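Based on the provided sequences and hints, a complete structural model is requested.
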Amino acid sequence: MSDSTATTDPSITLYRLQSCPFCERVVRKLHEYDLDYRSRFVEAMHSERDVVKRVSGKRTVPAIADENTGVTMSESANIVDYLDNTYGAEA
Amino acid sequence: MELDFEVVDLDESEHPEEGTEAPDFVRPLVNDEYWEDVALSELTADGPVLLVFYTMDGDFPATYIWNELRDRAWDDDYDVTIVGLSISSPYEHKTFIEEREMDYRLFSDPQNGVAEEYGIVNDLDGMAGISEPRPAVFLMDEERRIQYAWVAQKWPEFPDYDEIQDELDPL
Numbered sequence: 005m006s007d008s009t010a011t012t013d014p015s016i017t018l019y020r021l022q023s024c025p026f027c028e029r030v031v032r033k034l035h036e037y038d039l040d041y042r043s044r045f046v047e048a049m050h051s052e053r054d055v056v057k058r059v060s061g062k063r064t065v066p067a068i069a070d071e072n073t074g075v076t077m078s079e080s081a082n083i084v085d086y087l088d089n090t091y092g093a094e095a
Numbered sequence: 015m016e017l018d019f020e021v022v023d024l025d026e027s028e029h030p031e032e033g034t035e036a037p038d039f040v041r042p043l044v045n046d047e048y049w050e051d052v053a054l055s056e057l058t059a060d061g062p063v064l065l066v067f068y069t070m071d072g073d074f075p076a077t078y079i080w081n082e083l084r085d086r087a088w089d090d091d092y093d094v095t096i097v098g099l100s101i102s103s104p105y106e107h108k109t110f111i112e113e114r115e116m117d118y119r120l121f122s123d124p125q126n127g128v129a130e131e132y133g134i135v136n137d138l139d140g141m142a143g144i145s146e147p148r149p150a151v152f153l154m155d156e157e158r159r160i161q162y163a164w165v166a167q168k169w170p171e172f173p174d175y176d177e178i179q180d181e182l183d184p185l
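As you go down the protein sequences, you meet chains R and C in turn.
Numbered per our numbering, the first sequence spans residues 5 to 95.
Numbered per our numbering, the second sequence spans residues 15 to 185.
Read the hints as simulated data drawn from the structure, not as lab findings.
Small disclaimer: the values here were computed from a predicted structure and weren't measured.
There's no promise every hint is true.
[Said to hold, decoys possible] Covered, in the sense of this in silico footprint (three residues per stretch, anywhere, with C-beta under 8 Å from a C-beta of chain R), are these stretches of chain C:
no., stretch
1, 20 to 33
2, 73 to 81
3, 133 to 142
We treat Cβ as the ideally placed atom computed from N, Cα and C, and that holds for glycine.
And the structure:
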C-alpha cells in the first residue's frame, strides 16, 4: 500500500454478514481497541461467498485480513484471541 | 439463540411505551401483487395490528424472523393483522414475500422516517449513510394503543416469540 492511501485505507478488513452474532462479537472487540477497519458484507448463502474463500481459504464469516501483520483468519474465537494478543494490553 | 460471548450493545431507545398511542404513518404497503400507500391507522381500523420492524430484506436476520412468523401463523388463530416494515424497496419486498412464501404485507421505508418517529433508529456500522430500524415489535389495538412493545437492546437480538404469543392469547 502506498503512503498516499495509507491514511484513509484501514489495514484491517472484516468480512461479515449483517447482524450475525459471531461477526458482532469481533466488531465489539475492534471497537474496544479503537481499531480502524473496513467492513465487507457478504450474503448468507455459502455459495455466494467466494470472495471470503479467496481471502481466508474458507467460506465462513467472520473473517479478517490484517495488512499490519499479514494475517488472515476465520472463526470469531480465534479472531478475538488474535486481536487481544496483537492489540490488547498484553501485546 | 444462546451465546457464551457478548455482542454489540445498542444505546437506550426512546420508543413509545405500552399504553401510549403508536405514531401513525403512511408508506407503500407491498403484497405479492402490488403496492400502494396505506396508513397504519387504516389497518388498525380493522382490528389489532402486530407491527414488526426488521432488518433489510437480506437472507439472514430477516429470514429468521419471517420464517418464524410465517410458521406460527398467529393470524389464523387470533384477531390480529401482522405487517412488517424495513428500509428495503417495494421491489425487494415483493421478491422477499415470494421467496419466503408468506402472506404478510410489508411497508417500505427506505428513508427510515418511521423508525425516527418511533425512536428506534439503528445507524449501521460499516454501511455509511444507511440507517434502518432496530428490530422491534409493537402490538396495538383498534385505537393504536400499544399493548406490547419490544425493542432490541443488543445487535443482534431477536423477538421473544412466546412472549408475543402470550400477549395475543386474549385476542
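Here is how each hint holds up against the structure:
1. 20 to 33: holds (count 3)
2. 73 to 81: With 4 residues close enough to chain R, the hint holds.
3. 133 to 142: Contact hint for the stretch 133 to 142 of chain C vs chain R: holds, 4 residues under 8 Å.
Every hint, counting from the list given before, is met by this structure.
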